[in-house]
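Got chain F sorted already, so can you dock chains H and D onto it with the hints?
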Amino acid sequence: MTKISIPIGPQHPLLKEPLSMKVDISGERVLGGSLRLGYVHRGIERLAQKRNYVQNVHLIERICGICSHIHTTTYCHGVESLLKVEVPMRAYYLRALMCELERIHSHLLWLGILAKHVGLDTIFMHVWHDRELALDIMEEITGGRVLHGANQIGGVRFELDEAQVAMIRAGVEKLHTQVEGVLDVIENEPALIARTRGVAPVSADMIKKYCVVGPIARASGVDVDMRRDNPIPPYDQMEFSVVTLPDGDALARTLVRVYETRESILLCERILRDIPDGPVSTRVPRKVPAGEVIVRSEAPRGELFYYLRSDGTDKPARLKIRTPTLAALCLLPEQMSAIQVADIPVVLAGVDLCVACADR
Amino acid sequence: MIEGLFYLLLFPGLVFQVVCGLAYEWLDRKLLALFQRRVGPPWYQPLVDMIKLFSKEDLLPEGVNERIAGLLPLLSLSSVLTAGLYVPIAGFSLYAFEGDLIVISFLMSIPTLAYYMAGILSKGIYSLLGGGRSLLQYFSYEVPFLISLIGPAVMAGSWSVEGIMTSQYLLGPFILYQPLGFILAFVGLIGKLKRDPLDIPSASSEVVGGSLTEYTGSKLALWHLVMNMQAVVGIFLLINLYLGRSGMSNPIIAIIIFIVECMVIMGMLSATSAVFARLRIDQLAGVGWRILVPLALAQLAFVILMGV
Amino acid sequence: MDQTNIESLCHKLKSQLDCTFDLYTEIRNDDTFVISPDQLKVVVAMINEHFNGIHLSTITAQQREANAEVIEVMYSFFQGVGFSLMISLPTKAPEVTSIVSIIPGADFYEREVAEMFGVKFTGRRETPPLLLPDDWDQAPPFIRNEVNND
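The listed protein sequences derive, respectively, from chains F, H and D.
Heads up: the first sequence at position 288 corresponds to 288 in this note's numbering, and the numbers run straight through without jumps.
Heads up: the second sequence at position 262 corresponds to 262 in this note's numbering, and the numbers run straight through without jumps.
Heads up: the third sequence at position 125 corresponds to 125 in this note's numbering, and the numbers run straight through without jumps.
If we strip away everything but chain F, and leave its shape as in the complex, we get (with noise of 0.2 Å):
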């Protein structure tokens, strides 16, 4: 059969956000596919430099919709390391609970596209029905859904009171019941199933190859995961699993995000329980002096690299940001070869694209 090549994006029902990929196919066989970004680049590290620190951190947030709280809470970590100020424990843990709240409704969000691109649209409708009793959580707390504000140098801008505490507790056990119901559906559901196992799969030297870090890398049995290996407090100080399968594909990518999804809810308890008193934030000065740091983080999509370089003024002199997006793209052609047309769908959506992030 002829070569065509189908162009997917930038506008495509797949593509949440734009992206072009030309994908080279022969009957109902895929042969290969190349990739441009580009199409949400803001330069944002360059603005970062036209800016002073506190308003890059209101720049940051906007780099991603779903994952801007580590973005911020990445690069506070960095500007206070540099400062050597001594930052709250309470604000470590309230950043701690928005980073975990924020993973599980980006895994839920991951999960409602999949259900869609296979087909299964009702569980994509019941998913992000759930996925409301996070963002609820996260407005009631910080008074956002998407972008929250919460973070600022020197800790966080919200604090808790006896009556959201009891809020969140409730919301998080029900979110839990309401994950275990959607659990039990993914293992059991066949058809979910039959477009899943097998798909694509990625050996453990494929990821180390392609430095591919998250979720996808987890999925194919290389344990890594920055809460654990270059903690950021609380996360020292705290005990989780890291869940990983063996097998590698996209049914080992869809269980270790819904895992993932089940321990996060874990965590937010454990924080709830463990969060001790005091203030939520410091003053800092704002002339930061002279420095480097790198600051390493656990966004929802993998490894989050952020290197912030100060010259004493109070505009940072370089930061570079490397998203987990990114290492996941490079990995994307090479899933494309040996697969069909109608696994696209899959593949891409086990990539969890945010190219918000990857553009910058």
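Derived from the structure by calculation, the hints contain no laboratory data.
Simulated pairs of lysine-lysine, DSS-like, Cα-Cα distance not exceeding 30 Å: (1) F:K287 - F:K84; (2) H:K30 - H:K52; (3) F:K315 - F:K84; (4) F:K84 - F:K50; (5) D:K92 - D:K41; (6) F:K3 - H:K123; (7) H:K123 - F:K22; (8) H:K123 - F:K16; (9) H:K52 - F:K16; (10) F:K50 - D:K120; (11) F:K22 - F:K209; (12) F:K16 - H:K56; (13) F:K287 - F:K315; (14) D:K41 - D:K120; (15) F:K287 - F:K50; (16) F:K3 - F:K16; (17) H:K30 - F:K16; (18) F:K209 - D:K41; (19) D:K120 - D:K92; (20) F:K16 - F:K209; (21) D:K120 - F:K22; (22) D:K92 - F:K315; (23) F:K16 - F:K174; (24) H:K52 - H:K123; (25) F:K209 - D:K12; (26) H:K30 - H:K56; (27) D:K41 - D:K12; (28) H:K56 - H:K123; (29) H:K30 - F:K174; (30) D:K120 - F:K209; (31) F:K50 - F:K315; (32) F:K22 - F:K3; (33) D:K92 - F:K50.
Chains H and D only, in chain F's frame:
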């Protein structure tokens, strides 16, 4: 003459079928929404959508033959309308004749072929893919569907849909004797209507819009109308072949039973849409030829042997 | 993996390569080895072999001040603990060998550095633009004169 026009244009012709088609679309969307914990659209939504779509700009890619592109949905519309004239509605049938079952099956296949041609015509890559898939799907479900239409005909000893329906007055609904045939006809109907789980030709995540990707405006509105009316005629056909009421002479009760049977089949269609995932085209071909066709043949053989 | 392993790596690299290279400890959390650009490929190959597949976090490039003479390129790795390699390239003609043949995952990072700083990576296929538009005809964004407002 006036009577003929009345039948053609109002009942059971154009207006009645359009109204039924819109009602079907609304019921479908509302039921699906209820399954998915949503509210769903108000009753006038399909009508409003159709009016709005007719008022939109009608564009086609450069080089596409506009006349044929406009002719294809009209052709499908007229074949579905004609098929609808021969299907009895709550016992009221007009132009029935011996052999109209075959004519109906033929007329109902025309929209599928027109859909394929519409895809080939539009030159876009997604239309080509969608059109090809629709033909592949057609080969997988049409054979078991047709075989399951033969079963009631053999049992009733008649090739007219009205004849099959009336013979159920004595014998009782055929679903009792051929439940497998009903299920296969139901699955075939899902394939014909290109509904989830057999909406492979228009799987939006893979081929954007399928054959109809490039269509807008009144042509697209006509295509939607064709799909809806095809559903209505298909449901009526299924009711008459398998769920014929037994011995009701009171027309009011007949109408009520007919409406209830329509609702039941609609509910089943929506439920299967909500619950099942989309099959891959190779999986469908496998299921169609390895499972559905043998089952259909077995059911037919059973009916023939029983009749002897 | 911990600090002592980094020191053993440092020893191993020093002993197997003729030239000396310094440890740049200014970067918090990551020990950085300063090497010369022609040693890059050898060192990366050695690191990759030593750890049996090293994870490259990213490749960062920067100029210490506007209109500087050098571009510094930093390769950051992670294996239980993070460490980096830093090389300096002249701004006028920045050229360095590509490490894509050793670590295929470096592809996107090299492309980004190439288009943002104008660095040429030799020994790999063409570096098509990753983030900038196809018709970008001005100087690489990070090298432009500070006065010339972008």
